[in-house]
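Participant: Residue-level listing of the chains:
2 protein chains.
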Amino acid sequence: MSLTLTDIRAAKKRVDSYINATPILSSSLMNQWLGHEIFFKCENFQKIGAFKARGGLNTVAWLVENNQKPKHIVANSSGNHAQAVAYAGQQFGIPTTIFMPEYSSQVKVQAARGYGAKVVLSKTRNITDVLVREAAGEAGTYWIPPFNHEQVICGQGTAALEALTELDDIDAVFTPCGGGGLTSGTLIATRGLAPKAKMFGVEPLNANDAAESLRKGSIQRLSGIPNTLADGAMTMAVGELTFEFLKQLDGFYEVAENDIVYWTQWLTHLLKCRLEPTCAMPMQAVVEWLKTQNTKQRVLVIISGGNMDQTTSQKIWEWDYLTQKPTLR
Amino acid sequence: MSLTLTDIRAAKKRVDSYINATPILSSSLMNQWLGHEIFFKCENFQKIGAFKARGGLNTVAWLVENNQKPKHIVANSSGNHAQAVAYAGQQFGIPTTIFMPEYSSQVKVQAARGYGAKVVLSKTRNITDVLVREAAGEAGTYWIPPFNHEQVICGQGTAALEALTELDDIDAVFTPCGGGGLTSGTLIATRGLAPKAKMFGVEPLNANDAAESLRKGSIQRLSGIPNTLADGAMTMAVGELTFEFLKQLDGFYEVAENDIVYWTQWLTHLLKCRLEPTCAMPMQAVVEWLKTQNTKQRVLVIISGGNMDQTTSQKIWEWDYLTQKPTLR
Chain A
157 MSLTLTDIRA AKKRVDSYIN ATPILSSSLM NQWLGHEIFF KCENFQKIGA FKARGGLNTV
217 AWLVENNQKP KHIVANSSGN HAQAVAYAGQ QFGIPTTIFM PEYSSQVKVQ AARGYGAKVV
277 LSKTRNITDV LVREAAGEAG TYWIPPFNHE QVICGQGTAA LEALTELDDI DAVFTPCGGG
337 GLTSGTLIAT RGLAPKAKMF GVEPLNANDA AESLRKGSIQ RLSGIPNTLA DGAMTMAVGE
397 LTFEFLKQLD GFYEVAENDI VYWTQWLTHL LKCRLEPTCA MPMQAVVEWL KTQNTKQRVL
457 VIISGGNMDQ TTSQKIWEWD YLTQKPTLR
Chain B
157 MSLTLTDIRA AKKRVDSYIN ATPILSSSLM NQWLGHEIFF KCENFQKIGA FKARGGLNTV
217 AWLVENNQKP KHIVANSSGN HAQAVAYAGQ QFGIPTTIFM PEYSSQVKVQ AARGYGAKVV
277 LSKTRNITDV LVREAAGEAG TYWIPPFNHE QVICGQGTAA LEALTELDDI DAVFTPCGGG
337 GLTSGTLIAT RGLAPKAKMF GVEPLNANDA AESLRKGSIQ RLSGIPNTLA DGAMTMAVGE
397 LTFEFLKQLD GFYEVAENDI VYWTQWLTHL LKCRLEPTCA MPMQAVVEWL KTQNTKQRVL
457 VIISGGNMDQ TTSQKIWEWD YLTQKPTLR
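As given, the protein sequences belong to chains A and B, one line each in that order. If you read the first sequence in our numbering, its first letter stands for residue 157, the second for the next number, and so on. If you read the second sequence in our numbering, its first letter stands for residue 157, the second for the next number, and so on.
To be clear, the hints were calculated from the coordinates, so they are not data collected in a lab. Some clues are possibly wrong.
If you anchor each label on the Cβ, the simulated ranges turn out as follows [said to hold, decoys possible]:
{"hint": "1", "chain 1": "B", "residue 1": "251", "chain 2": "A", "residue 2": "479", "range": "26 to 32 Å"}
{"hint": "2", "chain 1": "B", "residue 1": "182", "chain 2": "A", "residue 2": "321", "range": "24 to 30 Å"}
{"hint": "3", "chain 1": "B", "residue 1": "172", "chain 2": "A", "residue 2": "220", "range": "40 to 46 Å"}
Mimicking SDA-like on lysine to any residue, the simulated pairs with C-alpha atoms at most 20 Å apart in a straight line are [claimed, not checked]:
{"hint": "4", "chain 1": "A", "residue 1": "481", "chain 2": "B", "residue 2": "269"}
{"hint": "5", "chain 1": "B", "residue 1": "354", "chain 2": "B", "residue 2": "195"}
{"hint": "6", "chain 1": "A", "residue 1": "471", "chain 2": "B", "residue 2": "265"}
{"hint": "7", "chain 1": "B", "residue 1": "471", "chain 2": "A", "residue 2": "475"}
{"hint": "8", "chain 1": "A", "residue 1": "481", "chain 2": "B", "residue 2": "265"}
{"hint": "9", "chain 1": "B", "residue 1": "471", "chain 2": "A", "residue 2": "417"}
{"hint": "10", "chain 1": "B", "residue 1": "227", "chain 2": "B", "residue 2": "291"}
{"hint": "11", "chain 1": "B", "residue 1": "452", "chain 2": "B", "residue 2": "189"}
{"hint": "12", "chain 1": "A", "residue 1": "274", "chain 2": "B", "residue 2": "184"}
{"hint": "13", "chain 1": "B", "residue 1": "354", "chain 2": "B", "residue 2": "380"}
{"hint": "14", "chain 1": "A", "residue 1": "481", "chain 2": "B", "residue 2": "260"}
{"hint": "15", "chain 1": "A", "residue 1": "481", "chain 2": "B", "residue 2": "189"}
{"hint": "16", "chain 1": "B", "residue 1": "471", "chain 2": "A", "residue 2": "274"}
{"hint": "17", "chain 1": "B", "residue 1": "471", "chain 2": "A", "residue 2": "258"}
{"hint": "18", "chain 1": "B", "residue 1": "481", "chain 2": "A", "residue 2": "467"}
{"hint": "19", "chain 1": "B", "residue 1": "481", "chain 2": "A", "residue 2": "258"}
{"hint": "20", "chain 1": "B", "residue 1": "452", "chain 2": "B", "residue 2": "324"}
Calculated from the model, a selection of chain A residues having no Cβ within reach of chain B, i.e. all distances over 12 Å [what the hints assert, rightly or not]:
{"hint": "21", "residue": "158"}
{"hint": "22", "residue": "227"}
{"hint": "23", "residue": "271"}
{"hint": "24", "residue": "278"}
{"hint": "25", "residue": "348"}
{"hint": "26", "residue": "367"}
{"hint": "27", "residue": "379"}
{"hint": "28", "residue": "381"}
{"hint": "29", "residue": "383"}
{"hint": "30", "residue": "409"}
{"hint": "31", "residue": "412"}
{"hint": "32", "residue": "413"}
{"hint": "33", "residue": "432"}
{"hint": "34", "residue": "448"}
{"hint": "35", "residue": "462"}
{"hint": "36", "residue": "472"}
Ideal placement from N, C-alpha and C gives every residue a C-beta, glycine not left out.
One chain only, chain A, in its complex shape (with noise of 0.2 Å):
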């Protein structure tokens, strides 16, 4: 794996006209709760409403740079890698098509739309990967995936980058972990940026194929559709590329379900953000993390994106968690 800091600075200078230097947030409460100092490097404020804007449009842009953008760009998600593609496209002036399920929240599929993509619904999932690959077969068409692509991986990294080139002395980085693409992007900044640093990914307990590969040595697929809120950790496996940076974290937490759902509360509540469940999920590794600590912490955690439907946010706001207050204890 040769990917470096100079590939992620290389990304950083192709994507920064198109995206959002999104903020850093904190909480003087929560902070003084813990004990420590935890900052959120908010990609729920990029464009699209999550850190994927990055990957795809910085695709996009190394292939243009490199003399062969595509006449027609195709993309298969039910996700926010739909909108990331589509936006993209739009950027550079590709006409772009996203394969989506018909079961695909209907904002996701309205904002594809938004961003000028023609979007093709299919009954299931499998029919979407026949449909772009055969798209994909057509002369001058591209594909881009999700996460398993060197240009995804480094754009992706470009959210950490921006954040530690901002902040100084940062102990230990938290990302939430699907296929694994910003994760392995922000592995490698994090290496090069912020060598002493821990940096740790997180995935749902009830989706945790990345946990049980690293547990077993090679990539491990879910059995079936997992049961999680955290649907941008619901990814069946990672790729082959991710896995090999995984394998260099310095730890890998799971997240039982009610505190995916905590967290989810306490950082909209105290950061006023709209945030999907699974990037709330990393601050429960914080936390079990933060116990293991004798002195006080500077932590970085990477909010992947704000996209989030009626029916998971009403599933979130059914019980009350906020008397809770978060503590170490």
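Go by the hints and put chain B onto chain A.
Facilitator: Just chain B now, with coordinates in the frame of chain A:
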């Protein structure tokens, strides 16, 4: 009424080092769908999560500036004013007592205590009224009211001052209206900085005491606790000071509950913000006003705050309004 832009500028100088210069957000999708430009001044990212921090701080700072630094500050509130006064007292190292009804949301009690205030809980709002009046009678004690005070009004106006300094050519400004402090301060700033802009107040239809007061030409009180999700605008009556400013508005809108829920969902989704139903309310007024306009308009909306408990969050996400895209048709 002698308050002018000069007074708002003085307030801005006083509070500047204690508050956040909050961001102005836009949604490119919403602007595309509506065909106009709408800017949101996001006071949900203000200290304590609401614009109220400005008025509380300005009042205390003004007392200090005039050699009237109190020995003790008191306030009664079940809402954001409690946290604002607690925070202001903390910043100036003045002991602060907040009288709150027992039914106040626990997150607001927690936060007021987090800012170092003594919180006295009573069974009813009427008891807190008695207790705060008694406490205010003690020598050296200052009682900060929630809106009917010149320095509170000037503090609240600093949000619009910041926004109108940053944005050119704004055609209209919309604020939610509870007791009228934010609306009054915003009016003064708008008339001073953007004299051609229209300025509108917005209230829940179910708590329309200000609209009724304007229709009848005298201050009207609600007859009972109103049934509205916009709890920041549930105030029983506007004040004598604020009413004089409300009379100078270019118009006043009353918004139905289902429209409040609709816009809370959509603004949360598009801006990726946590926001109170109170501040989503003006968008319905914006859309009604835009329908009467023939040219492209630039509109400023003051997002008042983002403090909301689980019960309200649950009510907001009970039904799905995200399937109905915003439109002027």
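Participant: Going through the earlier hints one by one, which of them does the structure break, listed in rising order?
Facilitator: Violated hints: 6, 13, 15, 16, 17, 23, 33, 35 and 36; rest satisfied.
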